[in-house]
Amino acid sequence: MSDKPTISSFEAIFDASPMSIIIVQDLTKVVYCNKTFIEVSGYSSEDVQEMEILDFVHKDDIVLIKDRQKILLEGEEPERRFTMRFMHKDGSIILTQVTGDNIIYNGKPARIMTGANISAQPLSDQSPELVSALLDALTHHTELGFWVDDLDDHTMYINERLCEVLGYTYDEIKDKSVTDFLDPVSHESYLQSIENRKKGTPTSSYELILIDRLGRPNTFRVIGSTLYDSNNQPMASVGFFANIEPMKKLSTIVSTLNKYALYSRYKDLSSFWNKVVDDVLSIFYSDHGMVFLDNEVLAKKGEFALNFSPTDVLEDLTKKGDIVSCLDTDCSHFFDGAQSVLLATMFLNQQPAGFILIGSDIENLYLPQDVDLFMTFANQITMNYEHHFLYIESEEEREYVSILLDILSHDFLNANTSVHGYLELLDQGLDTQNVEKFKEFLSRSINVVERSERILQTVQQLTKIQKERQAKRTLPLRPILENAIELQKTMFYPRKIDVTFECPKKTNVIAGDLLQNVFENVINNAVKYTEDQDVKLDIDCISVEIEESKLMEIRFTDYGMGIPDDIKPRFFRRLTRGDHRFQEGSGLGLYLARVILDTYNGEIRFSNRVPDDYTKGTVVIIQIPEG
Amino acid sequence: MVSIFIIDDEETIRYLYQEGLTMEGHQIIGTAQNGMQAIENIEGMKSYPDVIILDHRMPIKNGIETLKELRKNKIASKSKILFVTADPTIREEANNLGVSLFIQKPFSILKLAKLITNLFN
Chain D
33 MSDKPTISSF EAIFDASPMS IIIVQDLTKV VYCNKTFIEV SGYSSEDVQE
83 MEILDFVHKD DIVLIKDRQK ILLEGEEPER RFTMRFMHKD GSIILTQVTG
133 DNIIYNGKPA RIMTGANISA QPLSDQSPEL VSALLDALTH HTELGFWVDD
183 LDDHTMYINE RLCEVLGYTY DEIKDKSVTD FLDPVSHESY LQSIENRKKG
233 TPTSSYELIL IDRLGRPNTF RVIGSTLYDS NNQPMASVGF FANIEPMKKL
283 STIVSTLNKY ALYSRYKDLS SFWNKVVDDV LSIFYSDHGM VFLDNEVLAK
333 KGEFALNFSP TDVLEDLTKK GDIVSCLDTD CSHFFDGAQS VLLATMFLNQ
383 QPAGFILIGS DIENLYLPQD VDLFMTFANQ ITMNYEHHFL YIESEEEREY
433 VSILLDILSH DFLNANTSVH GYLELLDQGL DTQNVEKFKE FLSRSINVVE
483 RSERILQTVQ QLTKIQKERQ AKRTLPLRPI LENAIELQKT MFYPRKIDVT
533 FECPKKTNVI AGDLLQNVFE NVINNAVKYT EDQDVKLDID CISVEIEESK
583 LMEIRFTDYG MGIPDDIKPR FFRRLTRGDH RFQEGSGLGL YLARVILDTY
633 NGEIRFSNRV PDDYTKGTVV IIQIPEG
Chain S
9 MVSIFIIDDE ETIRYLYQEG LTMEGHQIIG TAQNGMQAIE NIEGMKSYPD
59 VIILDHRMPI KNGIETLKEL RKNKIASKSK ILFVTADPTI REEANNLGVS
109 LFIQKPFSIL KLAKLITNLF N
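Read top to bottom, the protein sequences are chains D and S.
So the first sequence is residues 33 to 659, counted in this note's numbering.
So the second sequence is residues 9 to 129, counted in this note's numbering.
These are calculated hints, taken from the structure and not from any lab test.
Just so you know, not all the hints are guaranteed correct.
Under the rule of at most 27 Å between Cα atoms (straight-line distance), these lysine-lysine pairs were calculated in the DSS-like manner [claimed, not checked]:
1. K600(D) / K76(S)
2. K122(S) / K471(D)
3. K469(D) / K76(S)
4. K471(D) / K528(D)
Small disclaimer: the values here were computed from a predicted structure and weren't measured.
Isolated chain D (complex conformation) (with noise of 0.2 Å):
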């Protein structure tokens, strides 16, 4: 009896073992396998005789075992146990925890190892760092993230695009589940998708929201999948996690930029803009932003730095030729704690004329295709405003054609129609002894020349509307209102005109050159409509504040025949041709008043002097911003 037993002494019990097991000698060489082994693998004895170890590893795994057998060659030894991929016979990968060992085999030193088939076992069950390892290489390439928990919601893996797309390690990231970073609108739906997992009817699709490690929300689409074991129970949920927030951002840039279409559901274009700065806030998570242009901060959320100067921002933007910038660092002078902005140049008639400006004070918040995203946001809404602006000069342009056709089409003609007229009484021959008529017709003929002349007065300043938009100064007003009284005087002479005047001296409005003509404009209207030949006219000044604005309101008082109150408000609508019913004369008097105060940011309005009674005279009602 040999002091040690031999290995076919055992050969009964190997090959009652479920376990497959093989002898190895020179590293390589099968020297023995048990009955399992030739099971499992496919192959005779006679084969195995013939191979060696490696014809059995799948190629992924060779390195694994040479790494092995160096180690054993280096005379030291390697972990007891590991995982492979064993082939068989017919190609297919059996899963296989091996267990290595030294002995001595017919008086030679080898390697008994002992294989478990585990391709069948629960993958939690699996060495986790095998399940890692695997996942690793099938997921590794994909812009997909890859999220594998149990049924319990337990994370068992989640791959490195999707860590990075939540702004965690793994190592951070494994110990927590699904439902750690859940947006609570997705947590109905998610604890939805487990049930249904549980009992073996997945939701094949859905939508999460997950928030990242900056508290952004990311929008995930998710097709998820239940994994089953060999007993086809559901054992494991796989889910793969499209990261949509980049096209639901667009699709939220779009939606929000078609509802600035219409302008007209703003107040004012500062009620605009400090939309525009909100929504644009709120698509990037920022909290910072500003809308400079044309000189001026038009919308601002946020503190900003006090030495940060927007023109000097345009400036740099200008001179670089940029027409965006992504600035993650360095941007600090922008307001305190600045760790991200986002800059974008807004162009007016193809010239840099502003820019928007978006930031936060979280470190790298924006992603590369947020700066596509906001550069687009800002072109469009500078587009959108340039072509509202356009519109309204083109709009204003037709009106001014309009009334030029208007002027040359009636108001001409009818003066015209007055001088011809008068020219073919004279031509008639009147009696020469009747010198007074003569007189008359010819005093009236020169009256209806000088009235022709005021027309295209008139046009002119029309035409000086569009500048009188840019001449708008502090100018006084008592002087302004004096010298339109004196002219209203001299040209309705033999006339009285009796004026009551309040207007204290240092009163002073912002306002252009044609603020005379609106005053004129005014009077003319008053005498009009004043049958008497004496005409009494109020005219007082006083401050109101109307809305923190503070305005001089300018009264003018008549107490002529009135204006039915339906008819007052048509006074100073849009002309156009043939529709001067309520106009006298030229037709222009009171339209041409509302325009140009319209450019001082102004209003004009009727009332009537005696309440609910419109023929005891009327009241004009000017307001300009005070100066």
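Go by the hints and put chain S onto chain D.
Here is chain S on its own, set in the frame of chain D:
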């Protein structure tokens, strides 16, 4: 002699009608500077004018609106209406309301005076 009532907001034009038509031998029995005033005045007359010269563009009530009122008050059926305007686009509307003559500005006052004479011959 044709009796004429003049409705025009411009005093210079009213005076021109008055002088030119009187020269032809017609009689001006009244004037008004707007439609509302005209209706009040004509309704107060013992006999309606043979001719009403009605300008279109006027304050308070324009020519067409005044014309409708004149029809409503049966004045238009008793007097011939001469509708005067610089706007040719309302010719059809005026004609449909029964005007006797549509006169487009500019016109000759002397020719108008003769036209009125011929209207009654």
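Results for each hint:
For the hint pairing K600(D) with K76(S), the CA-to-CA distance comes to about 22 Å; that is within 27 Å, so the pair holds. Of the supplied pair hints, the one linking K122(S) and K471(D) holds, its CA atoms being roughly 25 Å apart against a limit of 27 Å. About 37 Å separates the Cα atoms of K469(D) and K76(S), which puts this hinted pair outside 27 Å; it is violated. Of the supplied pair hints, the one linking K471(D) and K528(D) holds, its CA atoms being roughly 23 Å apart against a limit of 27 Å.
Hint 3 from the list above is the single one not met by this structure.
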